[in-house]
Each structure stands twice: as structure tokens, then as C-alpha cells.
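S.K.: For reference, the chains in residue letters:
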Amino acid sequence: MRLPRATRNLEGALTALVLALAPLTARAQPAPELPPAIQAEVQAAQDALARGVGEFDGPQQSRSIVVFDEVIARLEALGARALPPRGKDVLAQAYEYRGRAYFGIGLSEKASENFRQLVQLKPDHALSKERVSPKVVELFDSVKRTLVGRIAVSSEPAGATVTLVSPGGLRTELGLTDFFPIEVLAGEYALEVARAGYRTETLAVSIAAEATETRAVPLTRVLASAWFVVEPAGVEIWIDGELRATTAGNLAPEHHEAARAKGLDPARAAARVEIPNLSLGSHALELRRRCYQGVKRTLDTPEPRDYDHDAIRLEDSLASLKLSSDPPGARILLNGEARGVTPAQIDGICSGKVRVEVKHAAGKFVKDLVLEKDEALSLDCPMRPTLAFIGVEAASAGGLRHLADADERIQQNLAQLSSLNFIAAPREAVDRMLEQDKLTRLSLLPGSGSDPDLVRKVTDRMAASLDVQGFLIAVLPEERLQRTARLHLLAAGNTTAEAVEVVFAEGPAYAPLVKRLDVLFASERPWSGVVTVDTLTQEGVPVLRVVPGSPAEKAGIVAGDVVLGADGQPVKATADLLAAVAAKKPGDKLVLHVRGAAAGAQPRGVELALGASAREIPLFDPQLVYNKAMMDLRAVVEGYPGTEAAAYARLNLALCAMHFSDYAGAHEYLQKAKAELPLRPGLSRGTALYYLGLALDKLGYRPQAVEAYRAAADAKDATLIDNDGPAVASLAARRAGP
Amino acid sequence: MRRGWLALLACLAVAASAAAQETPDVQARRLLEDGRAYMAQGKQKQALDNFNIVVSSFPATEAVGQALLEIGRYHMEVENDPAKARAAFEQVTKQHARSDAAPGAYYYQGMLTLNRATTPAEIDDALAQFARVETLYPRSDWVPRALAAQALAHRRAGRYAEATDLNRRVSLEYPASDAAASAQYEIGRALALQGLPKVAMEEFQQVRNRFPQSGWAEPALQRTTALYRLHGAAKPSFAQDASFAPAAGDLLKDVRALLVSQTGALWIASEKTRNAAPIDAAGKLGAGFSAEDPRTLALSPTGDVILASRAAVRFGAKDVRTFTTPPEKPGAPPKPVEKILAAAITPGGVVLVSDEDREAVLRYDAKGEYQGTFPGGRDAAKRKVTRILLDGEGGIVTLDRDEKTVRVWDESGKQLRSIGPVGLKRPVDVAVDAFRNLYVADEETGVHVFNPQGQLVTTIASPELRRARALTLDASGAVLVYDERAQRVLRYR
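These protein sequence lines are chains S and V, in that order. Each residue of the first sequence is one higher than the one before, starting from 408 at the first, in the working numbering. Each residue of the second sequence is one higher than the one before, starting from 130 at the first, in the working numbering.
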């Protein structure tokens, strides 16, 4: 008896679909990891089954029997206990198809034998008359009836897991109580009924074919439960150091009254929550939630029953922060959440650990705080540039094994830097950015032959992407007695890195480097505008010149006066006067004791309000880390756009670039500095024009250089070094030529 | 005993093994450093041995360039053998052009050329050597020294503006280099020589402000003092220092010459005591030189005191020379110079001797060979030069008492300028300061100060100065003048 071909084809397609989805289903539910050999065997059997089904649906159905034999032989060889669920399904399918194939060629006995094996493997297996011939179904059902009985189990309380254990020890989990009759193989079994918090009950059961056994099992409680009502929701309940539940939802109305009685607001309280399976005795109870004060209690559960714990209300735990920065207008992030700009007073901050990030184009400030309840903290947030450590490279094969150690030590020790934020950049992100231009870390370093403009472009782009202002690259050189690392510092937008060597495994070896890097170049100094000279013949120091518009001129000091003292201290040499000025701040008052040039002139006191003189960065100072200075100067340029400070920072950035012979970079800075710097005596626009001429000369643009020199020569009172330095005009005129 | 020998042998074996483990580079570097240490201790021969071993035994090491450089310096500075020195430096620049010694070799080749340069072309040749340092090795430590050397070459050629420019670069661009303080000092000097005393004072003061620990801070103070005295106020101001009264007994009688040495001691040459002797700053009289009929005192370019007496000239403590001129007829003996009036020696080693008999200044080379008169050729004239001195910028100053004229010449004998006879009554001595200002002592009128253009700046006179006879200046430009009537030395500060 055969079904029409269309029906059979549909059935075959469905079987194929089921078989194809079987592995997916298996993957979806995490199953114990099977030995690879078994997995391979099951897969081979499944493939053979698919072939067999194809044959079964073909014109010569009987040829499929050989294929199903192979499937069954493979899987039976593994043993029923070792078979995974997918293997059992495949085996059951093989039995069914082989039985049906035998039936198709008139071998009913063989068909019955296969159905018997099928039922023994899966007692609840059924054949549908809609897809299988009714005669086959009838034969299958007749076989099944001789082998299968039913069992129904209930428990008090319900929800217990029921397991049927055969005399051979095969365990079959039937489900959770209470359940309706389930088909099982007839026979003698041990029935296990288990529920958390209750003693497991085991009873013998004999199931006859076609009979239905029913068991009602009372369970004995051995553990306790505790019920909690907590305000608010989202509170973690920890018992004996283990997180057992988190409150959620709304409190049911029947508990409102009790909650209210304990001082809770029922509208804010979470749903009543049970913590089951508590062993008998005492437990440490702790309730936690961010922004709330934690609660610690002792929970006693002496008997195996339910306990209703007193309702608990967690109190708010908030603090406040007052943040300011220089420059202001920096974005504030608290634990990554935007909270306005500086200056700001921020209330209602959850106590506990808070990461404060204050970000500005000039740099950023990062600090991890632990705030106490009701704490009010004021923080001045200096904007520091950020130095990104972009990794260690080995110059020789011998260095490769030290990479990880060096990486860790360098990160650990340079975290001491106080004038820079030091971070480790994500290696993969850096690799990606460098690969865009076919660069490596080493090709950013001097001697690599890389195009300086490419280095400038790449470092600028990396800086923008990583939100940093400079980079540190470590290189482990060839083997030495002490493991050293060359640390290369490269400011974003610069072309040349500077290197310092450290014995990377020795913490104290980093101290001089940290000290050097933490030096901040003072871009201005207090200034009087009086230029004096030392002599062996004069008492005090004669005034050679007074800078026009300077504090000294405003105070009435003139050339020829002799400075005898400053703030009550004698001035015997110019160094004494300079020291007196240097000890002050711009804006401070300084009283000079001065004698006039005229014969018989009496000494007089002159009060000066000190000004500020900008300072040039020296072109070659072996103590200075120019890349670090560039990071600081760029912070000023970014942080104070349009100000004089930014203009002088650009001038000094140009000098730093010239230090590295990067005259193109210097030219760019000077073009802007020239436009921004004021036209006045001292370090000023004329200074920038003079250096612009130098840069243009170096770049080979002589006519433009001459133009710049001539413009500088017109700035009559402009100076170099600082406001008291040598005059620009004569130098520039000479460089301009006739 | 036997055990002791064994222990010693074991120690030697360990030491030999340790030495054997050193790479040739390390061994060569060690020999080089040891050689430099010997050099610093004055053990030049031992130093040279070390450098030669590096060159001969470790020819493939990095230290060879430096060793050759040191060998060149040895020949240049110790043996004064420019040819050998140049050969060593050229070996560095040709065979070790990539070593860190190469810029140093170019620098020293330039110095060898400059030291012997007398023509603009030779100076330009030296300039080209120095310029290679910055062009070829722009980041070398030798760059600031080479720039300063270029400045020196320009100064030698009288191109003060160029010299200032280069020294400014050293001072501004290489403030941490060992050449920076001297470069800053040279800026002051060049500006002063260009007649810009106030700016020069500022530049000298910058030496003190920016490089207070350098050896140039003290000379800068002396220069600012000298300049301020002349140009600080509306009028130059020389005040007699009443506290200055050195006591030297008969040495202060019949004084013929005064000189302040580089150590600051005041040398006095007296006809009465027939010697010249120093008095230190504390007033203590030191050992001097005896001399029959002493005439003048001068300083050699290396700082030695030169005492000219009637028949001989003493250069420092031990070198006493007499002079002759070639015989007038072949076969006749050379004719001795028996009435020396004055003597001096130029930086090039030329000795100038004024002879009263021949009424000429005679010129001798470093070996004492007569080279003719100074000046020679058409400028030669009969003159009784009673004082010869050098002005520090290549100028030679002479005083002819009879002609009442002070003349300034260049080394080739070309007259640059003169003072007198108008305005001078009885000039007896002359001095020159670091800025080429001339100080002329006149028996009748005191001490006249003339600027480099020959204009009278001021006259130093006071009731205490009744008849000036001899004159000198100290490092700070203070004027020390011997008053013949009072038989004392007066100081004007």
C-alpha cells in the first residue's frame, strides 16, 4: 500500500527539513559537549538517513532498506545510553522507515520487529494516518499496545521533577508534577519525585502494557523561604554574599497597608519577592542599589517554612560636585554621562565610585572619586594633554620575548605623570589607522625614511580619532645586560619624535623621565622693563634703557638712574634686580630704590606694577622635551583661541618646529602668529616676522624671506628671547640685505 | 707558596677571559677615553700612543674617527705641526665622513687655515671649511662651534656685522652649547668696535644675565665697566682712586714703563732698579726680570710679559733675544741692534723691534730672521718709535716721541690712522683698550683719550698728575699712569 507520489514527496521533504533543522535545534539549546567521534558518527548516520529517505520515496522503495540498515547499525553500535537526542531521533526515524519499507514489500513480521524497536526507543512515538498508510499505522499501534503503559504523577506541593529509573539504571525524566498520563514502556521502575527545598521521594512502580498507573506523592519540606517587600525596585538582595534576587515590578495592593505601616511608599515599592531554599539557621542579608544607602541585616530561618521579612526602605545616598576648569566651557562627563559644562554645580550625584571626565579642546581631566553620602566636593580641573601609549616594538628577535613585560612596566610607571593624562591606546585601532597609509609604528620614528608630511598628517588624524595630543612608542633595542627601552615621544602634528632610554623593569629609572616630562615651560615671566648694567665702579646698577610702555617707564624711571635696592634689599648687581622681579608675579608691586643721574640727586622710592613678558622657547635646550612642550603649547592654542596667550604659543610652536628643522611646520605657525601677535615693543609681531623670514630662507623662498625681514625691521622695538632681549630690527635689516 | 701562584694564575686567566669578552668596539672606545684622560692630565705622549693604537689595531671600529681627530689635535696644539694635523683631519673627512668625528675634523681644518690666513681668500677658505659642518652635519654638536669659528673669521676680516650675526645665531639657537657664552660676549665686542657702545653694554650684560656661571661673565663685567665709564653718562668719567697707592720702594723711581698682565698684576720697569717687577692686587711685590736700561713693557699674544731693554728683549721668564741686521757688505758680520727703544710680537709671531740707531722699526720672523723694516717699501721713513703695542684687532700702534705722533698700522704695514702732532705737546706713552680707543700720556697735559676715529673723547687730568711718564690700562679700562714728579702710580677708574 503506497500513498500517492505527491503525498510521499511532501512527506520526504518534511522529513528532510526536520533532519536538516535537527542540528540547528541542537545548536540552539546548549547540550553537553559530545566526543567528536560520536558527533561524526551521528552526522554520518543522519546523512545516510537522508539518502535512505530519498530511496524510500523513489520507485524502488525496497532499496532503501539497505541504507536504513547502515543507519541503524551505526547508531546501535554507539549504544542507547551514549546516543544524544539527535541520534535518538535519527535512529527512531530509521526504525520507522525500515518498518514501513518492509511493510511495503509484504514482510509484516520484519515491519513489526522494527516498530517494536522503535517503541522501545521512544515509547511516545506515534504515526499519523495523514502521512502514513492506515494499515501501517494499525500495525504500529498494535505493536505499541503490547509494549506501552501510562503513568500519571501528582505531588503536594506541585512542581516536583519526576524521573523514572529502570532496573538497568536508565533514567528518563518525565516532567514536572502534576501531569496527565504519559506513555512509558511497561515494566518495573523506581519513581523519583524531587523538588528544591523538599526531601526527594522514591517509590517502586510496576507499569503493565495498556494499563495506567497513578501516583500522588506528598513532599516533606526541608528548607525555608523568605519573602521581602522593598522600596524601591531594582534593589539587589544578597544572601551570604550571593546575589539571590533583584526587586522589580509593583507591590500588589494587598500588601500596601503592611508596607505603609513600615514607613514605605507603596507606590514606589517593588513587588513582593521570595528567596527560596534557604538552609536552616542564620544568614547575612544585604540590600544594595546604586545611589542608595545599603542595608545589612541578619536573616534567621530556623525552621523549614516561609518567613515574611519586615518591609525595608532604602534611603537615598547622594553627593554634589562643584567643577571648574581653566579654560572654562569644558564638557563634564560623570561615569560617561554628559552633565553640562564647566563651571558647574552638580547635585544629586549617586555616592560611591564616580569617574569625573572634563574635556576640552585644550585637553582633559580625568579623576576617579569615591563620594560619600551628602559629600560636597569642589574640584579645579586642570586641562592636561593626553599622551597615548601606542605600543612596544622589538628591534631584534631577542627583544620579542620581553614585549609584554615592557608594555606592562611602561604603562605602570608612566601613570605617575602629573602634567599629562597617560593612556594605553587600543592596539587594533592604532594598527588600522597606520595601515591606511601603509605605515607601522617604527615608520613614525626618525631614521625610518617616512615622509615628514605623512607623519604629520597621520599623527594629526590619530590624535583626533583617539582624542589625544601625543604618542609614545617604545622600542626594545638589541640585547644588553640591562633590558632597556627607547621611549619615543611624538606630539600630534609634529614630524620628529624624541627618544629617551630607560631600564624598563626598574621603577626608579623612570623618575628622571617623569620629572622631565612634567616640566611645564613658563611662557611668560614678571617684567619691569628696566634694562640695567653691572659695573665695577658704580654703587647699584645703572639703568641703560627703559622699554617704552613698560612698567618702569610708567613709574618714571629713566636711563641714567641707578637702582640701589628693590623691596628693601640692596641691589649690587643686575642679577639681584632680576631675582627680585622673578620672585614676584605679573601685577605684583615692586618698590625700587633709585638715585637720579643728576649730580647730588637724592635716592627715591619708585613703585612699579610689574607686567608680564612673553618668553621664547630656546631653539636648542638639551633639557627640554620639545614634543612635550608642543603638546602643552597646542593645548594653549586650542584652549584659548583668539587670545595673546594662543598667539605666543603659536610663536613657540614655530620655534619647536624649527628645532626639528621642520621649517614648513614653522612657517604655518608663524603665518598665524604674525597675524595674531600685537605690534608693540618686546616679543611681538616683529619677532614672528623675523622668524618667518628665517623659515622662508630655509625653505628657499628668498624674496618672501626678504619681505618678512623688511617687515620685521620696521618693528622698531620688537625683541627676541623676551621683552628685554636683543632688538629684532637691526638683525632683520641685516638679513634682508641691501 | 705553590697554591699562591696557582691563585694568581687563576686571577689572570679570569681577567684575560673578561678582556677577551669585550668587543673590539668596546676596547677601542676604552683606549680612546683613556687617551683623552691622559691628555687632560697633560700626559700628551701617552695619550698619542693610545690614539695610535686605536687607529692601527682597531681600524674597523667606530672609535677610529675620534682617535684620528685627537691625533690631529695633538699635532695642532701640542707639536704645532699644521701639516701633520691637517693630514689627520683629512683622513677623518675622507675615510670616516659618516663618523661623529667628521664635523670636528672640518672644524679643525678650518681653524688650521684661519690661524695662518693673512689674505681674504685664505679667510674665505677657512669659512668654507667651517660652513661644511652645518651643511653636512646640521644636528652635530660641532655646529655652534663652527658658527662661532665663522664669526671669528669674519671678525679677522673686519666684517663685524657678519660676525655679530653668526654669534647671535650661536647665542640664540644653541644657548646650551659651550660656545654660547663666548658668542654672546663676542656680540658685545663687535658692537663696541662698530661704535655702538650702549647696545654693546646690553649684550655684554646678557652674558652675565644668561650665562652667569660661565668664564665669560667676569670679562663681560670688565667690558661693561670700561664702556660705561666712557659712554654711560653724558661725559666720560675717570675718577682718581685715592685708595690705590702701591708701595714699591725704588722700583717707583725712574719708571720707564707700566703694564697690567693677564693675571692683573701691575708690572713696573724702573731704570733706577734696572729691572721690571710685578705688584699683585694685594700690593705684594713679586719676582721680576733684571734689565739694563729698561725701555718698554708689552704683552705677547699668549700673555707673556715682553720687556724691551737697550740691548735685548725678554719674552717671558726665560726667552731673551738679541737682534742683528744683515751686514752691509758681503762677508762682514751681522750688525747688532744695540739701542732698542721698544718691542712687540704679533699674533703671527712677527717680532717688531724699534732701533734708535737705525731710526726704524725692524721686523723679524718667529725664528729671529730679519725681514726688513716696518713698514717697508715706500712707507718706510726714519722714525724713533718709542712704544709699540698691539690693539687686539690686528692693529699695531706706535708712538714717535720726536714727531709727537701716534700711528696705527695693520700687520702688512699699511697706516690706518694717526693722532698728532697737533694737540700733543710731549707724548711719552700710549695704551689701547679693547675697543681700539687710544690713551696717550702727555707729560704736560695729562692723559688724552681718543676714539677709534681719532676724535678726542676726554682728557684725564687732576692736580695729583703733574708729569705723566708711563701709562697702562687694566682689564676694566681703568687708567694707571706713572707720575714722574710724585714718583707714584695713579689709578683713574
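No lab work stands behind these hints, which were simulated from the structure alone. One or more hints might be untrue.
Stated by the list, open to error - Listed next, the in silico EDC-like pairs over lysine to aspartate or glutamate satisfying Cα-Cα at most 20 Å (straight line): (1) S:979 to V:347; (2) S:992 to S:733; (3) V:327 to S:733; (4) S:1105 to V:347; (5) V:364 to S:548.
S.K.: Which constraints among the numbered hints does this structure fail? Numbers only, ascending.
M.R.: 3, 4 and 5
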